[in-house]
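*Asks:* The listed protein sequences derive, respectively, from chains A and B.
According to the working numbering, the residues represented by the first sequence are 1 to 118, in order.
According to the working numbering, the residues represented by the second sequence are 1 to 114, in order.
You may find that some hints are simply not true.
What the hints assert, rightly or not - Derived DSS-like pairs: lysine-lysine, alpha-carbon spacing no greater than 25 Å straight-line: (1) B/Lys71 / A/Lys105; (2) A/Lys3 / A/Lys105; (3) B/Lys57 / B/Lys9; (4) A/Lys105 / B/Lys57; (5) A/Lys105 / A/Lys16; (6) B/Lys71 / B/Lys57; (7) A/Lys73 / A/Lys16; (8) B/Lys14 / B/Lys71; (9) A/Lys3 / B/Lys57.
If you are wondering where the hints come from, they were derived from the structure by calculation, not from laboratory data.
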Amino acid sequence: AQKITQTQPGMFVQEKEAVTLDCTYDTSDPSYGLFWYKQPSSGEMIFLIYQGSYDQQNATEGRYSLNFQKARKSANLVISASQLGDSAMYFCAMREGHADSSASKIIFGSGTRLSIRP
Amino acid sequence: NAGVTQTPKFQVLKTGQSMTLQCAQDMNHNSMYWYRQDPGMGLRLIYYSASEGTTDKGEVPNGYNVSRLNKREFSLRLESAAPSQTSVYFCASSEAPGSSYEQYFGPGTRLTVT
Chain A
1 AQKITQTQPG
11 MFVQEKEAVT
21 LDCTYDTSDP
31 SYGLFWYKQP
41 SSGEMIFLIY
51 QGSYDQQNAT
61 EGRYSLNFQK
71 ARKSANLVIS
81 ASQLGDSAMY
91 FCAMREGHAD
101 SSASKIIFGS
111 GTRLSIRP
Chain B
1 NAGVTQTPKF
11 QVLKTGQSMT
21 LQCAQDMNHN
31 SMYWYRQDPG
41 MGLRLIYYSA
51 SEGTTDKGEV
61 PNGYNVSRLN
71 KREFSLRLES
81 AAPSQTSVYF
91 CASSEAPGSS
101 YEQYFGPGTR
111 LTVT
């Protein structure tokens, strides 16, 4: 069965430092996708980055990169040069299924609350 | 483009009352989803619809029903509300084949059942 685990309920980081948010997953499907979302205090869900299970390279989007270690089943989010505006909840999520099939379930981890100190 | 819209934004119900949460998207997406988020928790999938005319149960479907009215609209119904259904409800949509399945979320409906 699908499972997403985020073991860090909360983290404090100094502004301008890099931060890594952990995510491990479990699936028996060889085809899957991994996402990271940001939820600021205002409540909206903001898509950050996506990694497909067959992608050869780690995904990057600006200051966000996904450290994908398939053998370890981990998909950690790395934020470089953190900013005060990065303070938010961060959720890891996973989709099982082939990219050319109809939508399958997407499940979320419990989240990590990141707080950036000035 | 409005993206994903949800109505209402806030709702207070008494135990046993019923209501329907409305969701619409204008991005021509095939797939739509309903999640609930309890305080301090992640999102849990209630129901999803891979395409118009199909619906499937998620992790926590009990106490809810859904209708995929057309490609744009996906509603969530609480037939007899219970205090345990107090939560924030998010609707989301995503494109199907050929995309990364990035989900676009609505602003949420904050529901309180007393």
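*Asks:* For this structure, which hints from the list above don't hold up?
*Replies:* 5, 7, 8
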